[in-house]
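Those sequence lines, one after another, are chains A and B. Residue numbers are given in the numbering used here: position 16 of the first sequence equals residue 16, and the series is strictly consecutive. Residue numbers are given in the numbering used here: position 26 of the second sequence equals residue 26, and the series is strictly consecutive.
There could be a bad hint or two in this list.
[Stated by the list, open to error] Within a straight-line C-alpha distance of at most 25 Å, the following computed BS3-like cross-link-like pairs (lysine-lysine) qualify:
| # | chain 1 | residue 1 | chain 2 | residue 2 |
| --- | --- | --- | --- | --- |
| 1 | A | Lys43 | A | Lys67 |
| 2 | A | Lys13 | B | Lys43 |
| 3 | B | Lys13 | A | Lys43 |
| 4 | A | Lys43 | A | Lys13 |
Calculated directly from the structure, the hints in this document are not laboratory data.
Protein chains: 2
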Amino acid sequence: MPRWQAGVTVMLKPVVNDPQGLAVESGLRQLGYGGVSNVRVGKYIELALVAEDEADARTKIEEMCDKLLANPVIEDYAYVVDEAYGDTDAEDDELDSEAW
Amino acid sequence: MPRWQAGVTVMLKPVVNDPQGLAVESGLRQLGYGGVSNVRVGKYIELALVAEDEADARTKIEEMCDKLLANPVIEDYAYVVDEAYGDTDAEDDELDSEAW
Numbered sequence: 001m002p003r004w005q006a007g008v009t010v011m012l013k014p015v016v017n018d019p020q021g022l023a024v025e026s027g028l029r030q031l032g033y034g035g036v037s038n039v040r041v042g043k044y045i046e047l048a049l050v051a052e053d054e055a056d057a058r059t060k061i062e063e064m065c066d067k068l069l070a071n072p073v074i075e076d077y078a079y080v081v082d083e084a085y086g087d088t089d090a091e092d093d094e095l096d097s098e099a100w
Numbered sequence: 001m002p003r004w005q006a007g008v009t010v011m012l013k014p015v016v017n018d019p020q021g022l023a024v025e026s027g028l029r030q031l032g033y034g035g036v037s038n039v040r041v042g043k044y045i046e047l048a049l050v051a052e053d054e055a056d057a058r059t060k061i062e063e064m065c066d067k068l069l070a071n072p073v074i075e076d077y078a079y080v081v082d083e084a085y086g087d088t089d090a091e092d093d094e095l096d097s098e099a100w
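Let the hints inform the model, and build the full structure from the sequences given.
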């Protein structure tokens, strides 16, 4: 089965308070970057997986996000999946992303 | 001055051990996702900033990364910057990213 490379971004939902983002924003302002605002801090997870096709890869990634990578109650996720280079039955290098 | 929206990804350098990634990989395998490998966990930081032009925005973001957002000794960063919608002197909505 082909290998896939995924990049998953997990962010707190916009309605959820983000103390880490507020701390980073405060730090940047103290460093002199007064024009900075709306700082939000999330996670970025890179992983490789084996899947039959892109649809299978997407299904698995979404399951992983719902079960472990993100907390669906307070977090949103988005991901990009791309066929990994060097596999035997490589198709096109289509890059897709799910909008927030 | 126009406003810019940036997304910064901060990852541990490939040579640096990533215990958080190993823990996530172990968790996914225990959930039955045996085909998962090379899990790395990093940070994703969204921020808005004010800058004269795209070059100025890029300079500021790189400074912020070097000073606060990333630890250049053990972390790499990449970012995407895009002119924010709704400003008075909007140019094109060019989206650029720096390769890892």
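Evaluation of the provided hints:
no.	hint	verdict
1	A:Lys43 to A:Lys67	16 Å, holds
2	A:Lys13 to B:Lys43	16 Å, holds
3	B:Lys13 to A:Lys43	16 Å, holds
4	A:Lys43 to A:Lys13	13 Å, holds
In terms of the numbered hints stated before, the structure departs from none.
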